[in-house]
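Number of protein chains: 2
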Amino acid sequence: MIFCSNCGQQVIEKVPAGDSRPRHVCESCQTIHYQNPKIVAGCIPIQEDRLLLCRRAIEPRFGLWTLPAGFMENGESTEQAAARETMEEACAEVKDLTLYGVFSIPHISQVYMMFRANLANGHFGPGAESLEVRLFEEHEIPWDQLAFPVVRLTLERYFSDLPGRTFPVHVENIIRPPRRMP
Amino acid sequence: MIFCSNCGQQVIEKVPAGDSRPRHVCESCQTIHYQNPKIVAGCIPIQEDRLLLCRRAIEPRFGLWTLPAGFMENGESTEQAAARETMEEACAEVKDLTLYGVFSIPHISQVYMMFRANLANGHFGPGAESLEVRLFEEHEIPWDQLAFPVVRLTLERYFSDLPGRTFPVHVENIIRPPRRMP
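Those protein sequences? They're chains A and B, same order as listed. Each residue of the first sequence is one higher than the one before, starting from 0 at the first, in numbering that gives the first Met the number 0. Each residue of the second sequence is one higher than the one before, starting from 0 at the first, in numbering that gives the first Met the number 0.
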């Protein structure tokens, strides 16, 4: 942020009175511009013993496989966001959404909220952001071609819980891996 | 949003190509400014059979009672945000945080994430945003002086679950009550 979205003047970065963190502050109109984490809501769409993955048609991670998920919009509930993203990316209607994972990713200021869900009917297909959408049995999961660490984590927890048919809500953090030395 | 925070020119509201919702778009530098829900993280701080509430020293709802909670910051996990807010508002250290409520409030684009937590030691007191902080047994809860519907909902679920000592994660939505006819 360079300019104040309220008055158009340049903002500065400073700690406002009574605050403890630097913010973008407009000294012209006194607006403090807070920036906060975003929620990414998505589903594990399930049909019998298979689950649905999407192959990304967009960057980042073009061509890799992901669970349908995306940024929650204003005016939605978390379940509505997860179901909408599943419709947009996989053309799939889901039902029986149950919260399964709350995964904070502090270094990119995102919180993933992943729901287990059943496919409502047999229909699915690639949305605008997907090259391909298909159902996978566990032994077919393309573990070495997953788009994001949070997708791997969600799938690992799911297949670990599956034999016991008990699915607690997992609340975990994904920490940036340390950079390798050159 | 009136001005582009990237280049300072006036933005317009329009549906970008490939999108389905109106956004603030800068036609000068082509930036699309997305606006997304915010996470409010907080705790039910517990000590034996009592829980901690804060009486608000700020608007809105000055003078009414609330659970310690506030906007999650960039770079935090949800638990870190809940513990930080409890320290800021109630000068109380908490431990053993366990996710208890995920409450979407679509009409104000907020998602509350409430954790059960134990007070780590006997210490607590009013932070800058609180007039007063105290522990309440169930029969002492000031039900008619609670600051927000989400505080009531959290406490109702908690005291309903308490006898069975089983605390599932509650995922619910708080819908704006219909306006009364004049």
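Honestly, the hints are just simulated from the structure, not real lab data. Please note that the accuracy of each hint is not assured.
Note that the list lumps identical chains together, so a pair holds whenever it fits in one copy or between two copies.
Said to hold, decoys possible - Straight-line C-alpha distance at most 20 Å; calculated EDC-like pairs for lysine to aspartate or glutamate:
| hint | residue 1 | residue 2 |
| --- | --- | --- |
| 1 | Lys94 | Asp48 |
| 2 | Lys37 | Glu139 |
| 3 | Lys37 | Glu87 |
| 4 | Lys13 | Glu72 |
| 5 | Lys37 | Glu137 |
| 6 | Lys37 | Glu72 |
Status of each hint after checking the structure:
With identical chains, the CA atoms of Lys94 and Asp48 are at most 20 Å apart within one copy only, with a shortest distance of 16 Å there and 38 Å across copies. Proximity of Lys37 and Glu139 under a CA criterion of 20 Å is satisfied in neither setting, with 32 Å inside one chain copy and 37 Å between copies. Proximity of Lys37 to Glu87 under the C-alpha cut-off of 20 Å is restricted to the intra-copy arrangement: shortest distance 19 Å within a copy versus 22 Å between copies. Taking the closest pair of Cα atoms, Lys13 and Glu72 come within 20 Å of each other only across two copies (16 Å); inside a single copy the shortest separation is 29 Å, beyond that limit.
In this homomeric assembly, Lys37 and Glu137 never come within 20 Å of each other (Cα to Cα): the closest approach is 30 Å inside a single copy and 35 Å across copies. Taking identical chains as interchangeable, the C-alpha atoms of Lys37 and Glu72 lie at most 20 Å apart whether they share a chain (10 Å) or sit on different chains (10 Å).
Checked against the numbered hints above, the structure breaks hints 2, 5 and satisfies the rest.
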